[in-house]
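K.L.:
Top to bottom, those sequences are chains A and B.
Residue numbering for the first sequence follows our numbering, starting at 3 and increasing by one per position.
Residue numbering for the second sequence follows our numbering, starting at 295 and increasing by one per position.
Bear in mind the hints are in silico, worked out from the structure with no lab data behind them.
Predicted model, so just to flag it, every value in this text is computed and none were measured.
Heads up, none of these hints are tricks.
Computed list of chain A residues with no C-beta within reach of chain B, every gap over 12 Å: (1) 15; (2) 17; (3) 24; (4) 31; (5) 34; (6) 154; (7) 165; (8) 172; (9) 173; (10) 182; (11) 265.
In silico lysine-lysine, BS3-like type, Cα no more than 27 Å apart, as pairs: (12) B:383 <-> B:308; (13) B:338 <-> B:383; (14) A:239 <-> B:477; (15) A:48 <-> B:477; (16) B:436 <-> A:239.
For each residue, glycine too, the CB sits at the ideal point set by N, CA and C.
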Amino acid sequence: MAPQLTSLYTTSFLIALFVTLLVAACLRAINILPGRTCHSAKAPRKAAPATRILIVLGSGGHTHEMFHLLRDLDTSRYTQRTYIVSGGDAFSAQRAVEFEQTLEDRASETRNKATTVRRRGTERPLCVGAEHFNIATIPRARKIHQSLLTTPFTSLVTLVSAFSPLFRSDRLHPNLPPTTPYEIAAQDLPDLIITNGPATGVIVVLAALIAKFFNLKGCSSRSKCRTIYVESFARVKTLSLSAKLLAGVVDRFLVQWEELEGEGGYVGGHAEYWGILV
Amino acid sequence: MSEHWAWSEGSAMKVCFVTTGATAPFTALIESVLQTDSIKTLRKLGYTHLLVQYGSARNVFEESLKAAHSEAGDLVIAGIDFDPQGLDKQLKLVSDSKGTIISHAGSGSILAALRYQVPLIVVPNTQLLDNHQSELAIAMDKSGYLIEGQVNNISAALDRSETFRAKMTTFPPITSGKHRETKSFAAIMDETMGFLD
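Let's have the full structure, built from the sequences with the hints guiding it.
P.N.:
And the structure:
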């Protein structure tokens with residue numbers, strides 16, 4: 003005999019429902035969060051023809067360090083690049099444009115050299131120029147001198163707006179359907195997210211976790227949105243707040259001083275040290 | 295006037311460049327560099343030019359310069375504002391003339407200066423509360439990348455920089471840490487993606 007409909011509204015039923023959802027959510031969280039031996043466990047593979055990366059820029063110092071980290075970026079592998087900047091941060095946006103210009107200059111230099119060197123058959127093209135990058139602006143999570151009381155609300159606004167650049171880049175030709183692998187990758191979730199400490203980075207990683215949790219656009223099943231956090235090289239002995247918040251949830255958690263190796267994470271040390279990276 | 299400073303092969307030029315940060319200039323450093331004692335040391339060590347990037351603290355620079363004038367002798371002293379285009383031109387001049395950079399401890403300035411492979415004196419601003427400037431300067435000094443200087447004793451750091459040129463560690467590090475593998479960030483990205491081709 004089917005239970006009466008009214009029995010669905012009892013307290014015990016609500017508790018049972020809540021506990022079930024909680025257990026399911028925990029299992030899902032365990033499933034999507036990186037394990038202890040995450041970075042070596044990824045199966046080696048050939049790079050796809052197009053790969054999209056998301057780079058979160060922050061205030062002066064963070065932006066500066068980010069472009070030092072990315073100085074040897076391989077544009078033939080990381081073909082689509084989205085830079086996320088906070089509202090009002092014209093400096094970071096300008097630096098992103100300048101960085102892309104240096105990538106472009108380097109690419110034309112390489113091409114000039116390649117005319118004299120014998121080309122190999124499997125060479126990939128260097129992907130630079132306007133079709134290969136975009137800059138997305140999202141509202142600031144916390145303005146300078148903003149009261150702590152209103153910060154959760156503005157952070158929520160930032161979180162909601164972070165999904166748009168996460169799901170796709172702005173189209174260069176909005177009326178044409180994507181045809182090349184590059185255009186298709188640009189319209190998809192990023193393969194890799196890189197951040198180094200601004201508050202915006204924490205929120206973008208949170209948005210990526212939500213996408214993984216609900217497997218939005220196949221985020222989790224297709225292993226999209228892998229995350230790398232790099233602690234500032236100015237942090238020698240203690241981790242920053244962003245680092246502490248993200249240590250347990252990012253795929254790679256990198257520090258630049260030996261003293262911080264093994265720090266962070268909720269389940270035990272997670273920080274990797276491979277020397278100074280900037 | 296410093297725009298006309300030019301280095302040529304075989305010239306006796308030796309430049310000391312002081313950079314103090316953009317947003318909140320480190321005024322104590324400007325004052326300290328222009329003190330009688332520091333000026334004397336610079337002349338003793340054969341410096342011909344002193345360039346101070348004073349940012350928004352032009353008045354501090356000009357005040358200190360008045361006092362330093364009698365001591366300067368043939369040492370040419372000039373100041374520049376903050377240049378949003380970066381300090382590459384000035385750093386190049388220091389590098390060519392085998393001079394020295396004295397910098398505030400901002401990580402951006404440190405990173406920019408280190409790439410020129412010139413002795414770098416980093417002076418933490420001890421007046422700033424809750425900052426990691428000293429920690430970074432001390433750790434970098436210990437690894438041999440730069441000289442940690444005290445704002446009240448620039449002369450000592452300048453003396454140290456003379457012998458430092460020969461033994462400084464290259465940056466970015468080729469190898470660092472003891473008996474361990476180092477990786478570049480580009481390699482870590484590939485590894486995270488599993489790109490091994």
